[in-house]
Every structure is written in C-alpha cells, then in structure tokens.
Amino acid sequence: MMIKQGIPVSPGVAIGPAFIMGNEDYRIPQRFVRIDDVENELERLDTAIAQVCEELGEHEQLASENFGKQYGAIFAAHQQLIQDPKMISEIRELIQDKCFSPEYAASKVLEQYAKLFQSLGNQYFAERSADIVDIQHRMLKHLLGERREDLSNLTEPVLILANNLTPSETANLDKEHVLAFATEAGGRTSHTAILAGALEIPAIVGLGEFLSDVSGGEMIIIDGHHGELIIDPDEKVLERYTASRQRHFEEQERLKSYVDLTPELRSGERITLMGNIEFPQEVEHCAERGADGIGLYRTEFLYLQEGKEPTEEVHYQAYCRVIETMQGRPVVIRTLDLGADKIPGALEKVLNQNINPMLGLRSIRLSLQNQPLFKTQLRAILRAALKGDIRIMFPLVSTLKELRQAKMLLSDVMEDLEDEGIEFRRDVPVGMMVEVPSAAILAEEFAREVDFFSIGTNDLIQYTLAVDRADPSVANLYSAGDPAVIRLIRQVVQAAVRENKPVTVCGQMSSEPRFLPLLIGLGIRQVSVTPAMIPELKEVIRSIELPHTVDIANHVAGLDSARDVENYLRGELHKICPIYAVDI
Amino acid sequence: MYGIMTGPLRQNVTVNHEQGMHMIPCSRIAQLVRDAACEVRIIRDDQTADARNILDLLMLKAEAGTSLVVESEGDGAELILAKVVKLFDDGFEVDSES
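Those sequence lines, one after another, are chains P and G.
Numbers -8 to 575, taken from the numbering used here, label the letters of the first sequence in order.
Numbers 1259 to 1356, taken from the numbering used here, label the letters of the second sequence in order.
If you're looking for bench data, these hints aren't it; they were derived computationally from the structure.
Heads up, the beta-carbon is just placed ideally off N, CA and C, and yes, glycines get one too.
Restraint-style ranges between C-beta atoms, simulated for each label pair:
| hint | chain 1 | residue 1 | chain 2 | residue 2 | range |
| --- | --- | --- | --- | --- | --- |
| 1 | P | S429 | G | A1322 | 49 to 59 Å |
| 2 | G | A1295 | P | I79 | 14 to 24 Å |
| 3 | P | K106 | G | Q1269 | 27 to 37 Å |
| 4 | G | D1293 | P | T146 | 42 to 52 Å |
| 5 | G | D1293 | P | E34 | 17 to 27 Å |
| 6 | P | P348 | G | N1270 | 46 to 56 Å |
| 7 | P | A121 | G | D1347 | 21 to 31 Å |
| 8 | P | G208 | G | D1347 | 53 to 63 Å |
| 9 | P | P348 | G | D1293 | 41 to 51 Å |
Here are the simulated DSBU-like pairs of lysine-lysine, each with C-alpha atoms no more than 35 Å apart in a straight line:
| hint | chain 1 | residue 1 | chain 2 | residue 2 |
| --- | --- | --- | --- | --- |
| 10 | P | K89 | G | K1319 |
| 11 | G | K1341 | P | K77 |
| 12 | G | K1319 | P | K106 |
| 13 | P | K60 | G | K1319 |
| 14 | P | K106 | P | K(-5) |
| 15 | P | K60 | G | K1344 |
| 16 | P | K247 | P | K378 |
| 17 | P | K106 | G | K1344 |
| 18 | G | K1319 | P | K99 |
| 19 | P | K492 | P | K247 |
| 20 | P | K77 | G | K1344 |
| 21 | P | K106 | G | K1341 |
Model the full structure from these sequences, guided by the hints.
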C-alpha cells in the first residue's frame, strides 16, 4: 500500500482499477504485441511517422512565418531525423523480430541514440539528445494518440491516472465509466480542476510524480475530500473507504431535499444563489438544483473544444441552449477569458518563452487585440439575448480605458447588426469581473460605468498575493482567507452599494461553505457557485441570521493572517451547520 | 573517359559553419541527397557516414574547421557532389537553398 498526497479539487471517494493515460509522461502501456499483429503494428508505426512529419511540417511553416527561418529549420531538422532510414529500419526490426510494440521499439531505439549523443563528450552534441527525446515524445504522442480513443470505449468503470489532463480531455471523460481522476500536475484552480468539479466526479491534482509507482489495472482509491491517492490499499483501508463512500452517497441523498427550498437567511433576507457553468450541458445541473440563474457562463470551452475559432453560429447555438434551459432566469455570459497559457498546439512553448502568461496577453486584452474574434462572440450574445435575460461580462478588466474600449466595440457590433438588419437586443446589461487589484481599488470609478460587478476571487487572490495558483510550491500562500483579499472585497462591495450596482461573487471562494457567511456579512447578496454545491450552500444560507454574518465579518476584519481567518470561519461554520465542519 | 563511372568521385571540404555539423546542417545534407539515385558518403578520417542518414552524419562530430571528404557514386554523382559541396561552402545558410 502506498499513499500519495495531492490537492483535492472535487469531492467524493472512488474505488476501483487504475487506468493510466500514459501519453503525457510517455509511459508505454504495452511492450509486446501478438505475432499476428506485427503487420498492423508496422502500419501503425508508418502512420505515426507520417503524422509526425506532417505535424512537424506545419510547425516549420508556422515557426518560419512567426519567428524566422532559423526557427523553422529546427523543425525541418526534426523532420529529417524522424525519417532517417537507418533509424526507421532499426525500429521496424525490433517490431518484426522481437514483437515489440511500436511505442516500445521506437523508445528503445531513440533512447539509445539519445544516450549515444550524451556520451559523445561534446556539449553541443549532448544537448542534441534533447532533440531526440522530443522526437520520441512526438512519436509516442501519435502512437498513443490512437489508443487514447480507447478511453471513450471503456466498458468497465475505472479511475483515471495521468500526468495531466487537458481541459478538453477532462470535459470528454465519459462519466459512466470514469469514476474519478488524479493527476501529477495542476493546481486547485487550474482549468482541469474546475472542470472536474463540473463533471462532479472525485478528483485530485498536483500529486507530484507517482505514475511510475502504479500500473494499469491495480486497485486504487481516490479520496477527493482529502486529496489522497491510495495505491494497492490493504483490507482495513479499503473497508474504511467503502464506508466513507457510502456516507457520501447518503449525504447527497439528504441534500436533495433542499432543491425546492428558497435560499433565504433565517432572518428572511433572500440570497440569489446562481451556478457557474462552462459546458452548455452543465446548465441542467443548475436547473435541476433550483439555481436562480447562471452567474458565470465561462465560454472558453467553445474555443478549446474545436482547437479552432468557433463560428458565430456555434456561439449562438450554445447560448440559446443555456437560456432556454434557464427559462427566463438570468444568464451572465463572460466573454473570452483565454490566456496565452492556453494557446493550443506545440508552439505554446515558444510563445511562452520569456513571458509570464498570467501577466501577459490574455482575456479582455486578447479580445481587444483580436477584434474580429471578439466581435463574433458579441454578435452571438446580442442575438441570443432576444431569447431571455442575458447579461454580458468582461473579464480581467484592469483599466477604465479597457472597459471603455470593450463597451465601444459592443456599440460597434450593435451598429453592424442594425445595418445588416439582424435582430438583437440593445439593452443587454454590461458588467465586469473585478479580479485585478487595480479594478478593486478603483471600484467606485468602475461602478459608474457598468451595470454590475462580479468578483472573481480566483484571479483576485492570485494577483493580490502574487501567487501562481497552479504552482504547488507556493500554493500554500494562496488563500481566500487572506486579510488583504477580504479587505479588497469589502471595498468593492461598498463602492457598488454607493453606486447602487449589484455585485456577485463568482469565484471558488463563494462555493466554500465556510466563506459564505463572511461574504454575506460583507454585504454580498448574490453568489454564483459550482452547481454541485448549490444544495449544501442553500442549507448554510437557511441556517444563519444576518446579524451573525455581520458579526463574523467584523471579527474577521480584526484578524491579520489567512490562517486565523480560515480557522475562525471553520469554527463559526461549525456553530451554524455542524455537519460541514466535520470532515466528511 | 567521359560518361563511364570508374569509381567514386571525391572532394575535400572544410566545415566552416560556426557550430559544426549539428542538427540543421546534417538535416540539410540528408534532405538534399534523400531522393538522389546515387550513393553519397561523408568521410572523416576512418569514419564514413551515409549522407542520407542524419544520425550517421551527426556521429561524425565534425566541429568547425574539421576536414571532411564528400564522396559520391552512381547516377548523377557529379551534380549531387557539387550541390553538397556548395552547402559546405555556403556554411549551410538557411537561405542558401533555392
């Protein structure tokens, strides 16, 4: 038995066989093939080589155009390398003579060359072994890529283990057969983690290296409450977790009784409890739990899914589906919030060289610099707004100038639509995310120019504390309980109240039961949360009185460390709703 | 005398590319000779590399200033030899190829 500790990102316990998605760390799932499969396997090798060549050709062209011919030449060299007749015949021989799988054969041969280069005793050639490794990875990516489709053909329930899952891979996990997942990389609020919550399956990220300690099919436990991955559990542990899983199911059943209840405080104040969604299909999770609307509709998935820019029609159809399901309740659409860190494809590394993507071209900045892309989305939103209560929200606004530019573009789009005789709604409310400290500091000025605020705590915490939320080595500094963050939220609420503008909190913070009373005490009356948390938060809301929340907010104002704040809030939650203070 | 190949053609070259025969120069040679009908070899002392084979070429470890022999044999040997030698003379400039 072996226990690994990671970051829990989606609660629940799952027990079952491990399924290793090996292509991220280039783990070879199978070393040998059957002798009658050799011909097919050789064909698979040829296909993979052809695919790699094609891919490298594209990279060569892209790199030459964007960065100059000398960069393109690197990919051209890789192309020659992978077509090297001697190397290919060596790989083929291993498949033919020893029944090695193409993955294993290619790795063997390439590793040999990499080692040879390293031993040449010349710095330059030693560094070339990295090129060989790169080629090896590309080959494996293509060879395993075909196998990866197996994931959608799963027939048995499994627990997925991987170095990392991309957002689209996460989104495409088949919930029927994928009981949980755990990854080596990733942080609490990485995109993959957010999607795990959306899928509502237990998940752990940021476990560090562990894939070499486990093999496919081995019995594992993923504990999404505590972030523990247990490999090959002993009988006692297995028994304990089976019981814990049972309790979790029972708890879910109990919370179902809250679906039809109104989220109001014991003292009577109504709290607007909305859901955050990313995929259109998630809207059903919200509707069936009685959400008051969609407080944050992240639209990035539309961009990530296809690997290319979605058309206006794709946007329009997705928005219409969400609006129709919400039957008149508000839907806040956040415009594109992609960053340079999420630019798909292999040029990512080149593009990200020497830049800090979180401080770079992302979100509204990217939209303002790519107006055709931005306008396509705005057109679809304005058209879809005819069907219901749609609101537009701009992310990552850091200056008033940006906000004004974005609003100007929105007017331009309206003019275009009018000229083209296309129907749309003109009086769509326009709001902004408050997630950069500059926006929080100038909240009063911003409040005069928008219809609403939504505080995005994930980024606000990250930018206020200068902590990369995806970096496990500093993740402990990232806390919603930090006094600086809480003071900023207080200021934003006060500014919004003075200008009579509504303010929502839509970050992960509002989905955590212990923070909700504090937020209400700070004056928040609208929150938008992970859909799965709606019943639980409703229970918290219905268990408190307004004066108590104000006391909590006042007490927190006097605390000076994130730890004290978190401990205090945990204690208060215990008084309000004892069930949540105990670790489930 | 003309038109009948009696043996391989040879020409001496010197590596004047600053970084030596690294990945990109080797790939340019391999690319150039890949579809040629003749054999092309590059020789350093007692070590011979098939010019189609980028890994073989890399193994020559030819740093700047190294003397090499380019050898070709078969159909179109003369033309391909001239092309390979030109690559060396031009220092494998990225733009040198037409």
